[in-house]
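Letter by letter, the chains look like this.
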Amino acid sequence: MWLTLIRDRRKLMILKRIVLGVFLITGMLFNAADGSAAEKKAKVGFVYVGPIGDHGWSYQHNVGRLAIARTFSDKVKTTYVESVPYGADATRVITKLARSGHDLIFTTSFGYMNPTLKIAKRFPKVKFEHATGYKRSKNLATYSGRFYEGRHVVGLIAGKMTKSNILGYVASYPIPEVIRGINSTIIAARSVNPKIKIKVVWVSTWFDPGKEADATKALIAQGADVILQHTDSPAPLQQAQKNKVWAVGQASDMVNFGPKAQLTAIIDDWNAYYINRTKAMLEGTWKSQDTWGGFKSGMVKMAPYNKAIPADVVAMAEKAKDGIIAGTVHPFTGPIKDQSGKIVIPAGKTADDGMLLGMNFYVEGVDGTIPK
Amino acid sequence: MSELVVPVLLTIITASTPLVFAAAGEVVVEKSGVLNLGVEGMMIVGAVVAFAVGVKTESATLAILSGATGGMLTAFIFGFLTLRLLANQVATGLALTIFGLGLSALIGHGFVGKTFSGLPKIGIPLLEQIPVLGSLLFVHDILVFLSVIAVFLITYVLNKTRLGLIIRAVGENHHAAHSIGYSVVWVRMGCILFGGSMAGLGGAYLSLAYTPLWVEGMTAGRGWIALALVVFASWRAWRAFFGAYLFGGITIIQLHAQGFGVDIASQFLSMLPYLATIVVLVLISNNSSRMMLNAPADLGKSFHASD
Numbered sequence: 021m022w023l024t025l026i027r028d029r030r031k032l033m034i035l036k037r038i039v040l041g042v043f044l045i046t047g048m049l050f051n052a053a054d055g056s057a058a059e060k061k062a063k064v065g066f067v068y069v070g071p072i073g074d075h076g077w078s079y080q081h082n083v084g085r086l087a088i089a090r091t092f093s094d095k096v097k098t099t100y101v102e103s104v105p106y107g108a109d110a111t112r113v114i115t116k117l118a119r120s121g122h123d124l125i126f127t128t129s130f131g132y133m134n135p136t137l138k139i140a141k142r143f144p145k146v147k148f149e150h151a152t153g154y155k156r157s158k159n160l161a162t163y164s165g166r167f168y169e170g171r172h173v174v175g176l177i178a179g180k181m182t183k184s185n186i187l188g189y190v191a192s193y194p195i196p197e198v199i200r201g202i203n204s205t206i207i208a209a210r211s212v213n214p215k216i217k218i219k220v221v222w223v224s225t226w227f228d229p230g231k232e233a234d235a236t237k238a239l240i241a242q243g244a245d246v247i248l249q250h251t252d253s254p255a256p257l258q259q260a261q262k263n264k265v266w267a268v269g270q271a272s273d274m275v276n277f278g279p280k281a282q283l284t285a286i287i288d289d290w291n292a293y294y295i296n297r298t299k300a301m302l303e304g305t306w307k308s309q310d311t312w313g314g315f316k317s318g319m320v321k322m323a324p325y326n327k328a329i330p331a332d333v334v335a336m337a338e339k340a341k342d343g344i345i346a347g348t349v350h351p352f353t354g355p356i357k358d359q360s361g362k363i364v365i366p367a368g369k370t371a372d373d374g375m376l377l378g379m380n381f382y383v384e385g386v387d388g389t390i391p392k
Numbered sequence: 005m006s007e008l009v010v011p012v013l014l015t016i017i018t019a020s021t022p023l024v025f026a027a028a029g030e031v032v033v034e035k036s037g038v039l040n041l042g043v044e045g046m047m048i049v050g051a052v053v054a055f056a057v058g059v060k061t062e063s064a065t066l067a068i069l070s071g072a073t074g075g076m077l078t079a080f081i082f083g084f085l086t087l088r089l090l091a092n093q094v095a096t097g098l099a100l101t102i103f104g105l106g107l108s109a110l111i112g113h114g115f116v117g118k119t120f121s122g123l124p125k126i127g128i129p130l131l132e133q134i135p136v137l138g139s140l141l142f143v144h145d146i147l148v149f150l151s152v153i154a155v156f157l158i159t160y161v162l163n164k165t166r167l168g169l170i171i172r173a174v175g176e177n178h179h180a181a182h183s184i185g186y187s188v189v190w191v192r193m194g195c196i197l198f199g200g201s202m203a204g205l206g207g208a209y210l211s212l213a214y215t216p217l218w219v220e221g222m223t224a225g226r227g228w229i230a231l232a233l234v235v236f237a238s239w240r241a242w243r244a245f246f247g248a249y250l251f252g253g254i255t256i257i258q259l260h261a262q263g264f265g266v267d268i269a270s271q272f273l274s275m276l277p278y279l280a281t282i283v284v285l286v287l288i289s290n291n292s293s294r295m296m297l298n299a300p301a302d303l304g305k306s307f308h309a310s311d
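Chains W and V, in that order, give the protein sequences. The first sequence begins at 21 in my numbering and counts up one residue at a time. The second sequence begins at 5 in my numbering and counts up one residue at a time.
Just so you know, the hints here were simulated from the structure itself, not pulled from any lab data. All values derive from a computational prediction rather than experimental measurement. Note that beta-carbon positions come from the ideal geometry of N, C-alpha and C, so glycine has one too. Each hint should be verified, as a subset may be incorrect.
Distance windows between CB atoms, simulated [as the list claims (entries may be wrong)]:
# : chain 1 : residue 1 : chain 2 : residue 2 : range
1 : V       : SER121    : W       : ILE295    : 50 to 58 Å
2 : W       : GLY243    : V       : TYR278    : 28 to 36 Å
3 : W       : ARG142    : V       : LEU90     : 37 to 45 Å
4 : W       : GLY243    : V       : LEU90     : 57 to 65 Å
Think about it this way: if two alpha-carbon atoms lie no more than 20 Å apart in a straight line, the pair counts; the simulated SDA-like pairs of lysine to any residue are [to be verified]:
#  : chain 1 : residue 1 : chain 2 : residue 2
5  : W       : LYS217    : V       : GLY265
6  : W       : LYS219    : V       : LEU8
7  : V       : LYS125    : W       : GLN261
8  : V       : LYS118    : W       : ASP273
9  : W       : LYS219    : V       : PRO11
10 : W       : LYS262    : V       : VAL12
11 : W       : LYS262    : V       : VAL143
12 : W       : LYS264    : V       : PRO124
Please take these sequences and the hints and turn them into a complete structure.
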């Protein structure tokens with residue numbers, strides 16, 4: 021009997037959810053009790069895929085939640101559930117939040133898309149916002165950052181800094197968001213150094229410091245001297261520092277973990293967006309919409325550049341960033357070939373958002389194939 | 005060739021060591037008839053305590069000792085609940101994991117973003133100078149050596165000593181052991197504490213050597229793999245050791261294969277270690293008499309002298 025129990029980690033998660041559920045329910049009771057006395061506060065809930073202490077993706081969303089709590093301290097109560105796995109658990113957690121009187125719920129990972137859509141239909145009065153997805157409804161908005169803009173800047177720097185001409189990329193899952201980042205990086209890197217190749221290792225997780233570190237070691241052993249990552253822990257950066265190669269922080273400034281190795285970091289800044297949307301909810305002007313913010317809206321930012329980067333490279337990076345803000349530079353400007361050499365974006369054209377959102381091919385210069 | 009193979013093998017050793025600690029410790033616990041599913045919880049408490057002490061004191065020795073102590077104290081809660089209060093072992097073990105994850109997040113709150121210098125490498129004199137093999141086998145941090153020594157000691161004690169005989173007797177038939185005057189509760193408590201300190205060491209290895217940092221949930225399910233390895237090893241420490249290396253080996257080799265552009269779906273490769281575990285499980289349990297011989301007969305049963 022216990023064998024099946026231990027093999028099935030999900031059961032543990034369920035138990036965790038049950039405990040959580042009890043907390044939520046008791047929370048509801050207390051709210052009902054004090055609701056009559058004090059003026060009712062609006063409730064904003066968050067669902068995170070990782071722990072808020074991951075120092076990456078979930079951490080930054082939680083920074084956004086705290087910004088809401090600070091700005092509307094007298095009007096809004098925020099709650100969150102962390103480390104919620106995709107699938108049935110996500111459905112349960114989001115449903116619980118919707119049932120327990122939340123007015124606005126942010127589900128902050130791609131895999132929550134279908135559960136969020138389903139639950140949004142069942143709770144038409146609750147407003148939902150799903151990060152990085154593409155399915156919307158009357159009470160379900162989507163939002164994401166144009167992280168590929170940051171990847172473009174990173175690619176330029178990496179292209180100038182590599183000596184081995186091999187970039188290593190620790191990737192999570194083969195979804196368009198991640199593939200777009202890989203492509204954006206290599207296109208930019210090859211624009212300054214056409215000899216560059218990129219090696220990709222998929223770890224099939226957003227968060228496992230040990231495995232991310234192992235993937236980093238594998239890439240370094242195979243000659244990569246700039247490590248890029250699309251997973252959430254600072255472990256790759258730390259390994260890079262240990263092995264004296266370069267790396268780029270992910271989602272938040274990870275400079276503490278590799279002060280020498282971190283060239284820069286792509287920072288997700290959700291604060292302004294979360295505050296605006298909460299404000300709209302409070303004022304009754306909230307509408308379902310799609311937001312895809314980049315450098316221009318401040319949703320994507322670059323961390324301070326490493327002092328070891330030559331001044332002309334920094335200037336080039338800043339120029340590209342300014343160009344993206346001004347609209348004169350687009351990271352996906354043709355001619356761009358896929359791996360087979362076929363032109364996918366003709367010269368002079370840029371990829372539209374539809375192509376970017378559905379990107380499922382590698383461009384020239386990426387080693388290997390996309391796991392199917 | 006060797007400059008390519010050695011880093012792979014070194015990474016395998018790092019990836020396997022935390023599993024070796026946790027699984028070998030759990031072998032002892034289960035041999036005494038106790039099923040502690042809280043390995044993940046004890047590991048992560050060990051990880052956070054070791055890291056916190058490491059950052060505060062800058063002493064690797066103190067950090068390692070505190071990691072073991074952290075795991076042991078967590079295990080004590082389990083021992084008290086299941087042996088003294090006769091709580092259900094499965095439920096208590098699961099609760100211990102949830103508790104450990106939460107407690108570690110609380111303790112580690114102030115340590116997110118801090119860094120630790122890592123454990124120093126120790127070379128065994130003379131042996132370390134053997135070409136290739138020397139750097140592969142004889143230059144490691146203290147915990148890697150300790151994990152191997154622990155497996156040898158556990159195998160020896162369980163099979164060749166009076167203490168091992170008592171532990172096994174308690175696990176096979178606690179009433180018989182009780183009737184000839186052994187304190188079932190104290191023998192089991194000792195084993196639980198030992199298992200806890202081993203899990204704590206596994207956690208300490210993660211936060212001190214593997215990835216010298218603290219992030220919540222950094223054990224990422226390794227405690228559960230260790231539990232599966234115990235069954236995989238049919239309750240023998242040295243088999244658990246090989247199981248851990250097999251598991252670590254497949255995990256690491258698939259990462260390297262991807263870097264080389266080997267055209268196999270990475271999802272399949274990620275699945276391989278688990279698949280291998282299941283296949284071996286099926287092979288072992290195929291022969292039910294052999295399975296019965298190895299599994300402690302009183303595994304998971306509560307003991308009360310009046311029963």
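What are the numbers of the hints the structure violates, in ascending order?
-> Checked against the structure, the only hint that fails is number 1, while the rest are satisfied.
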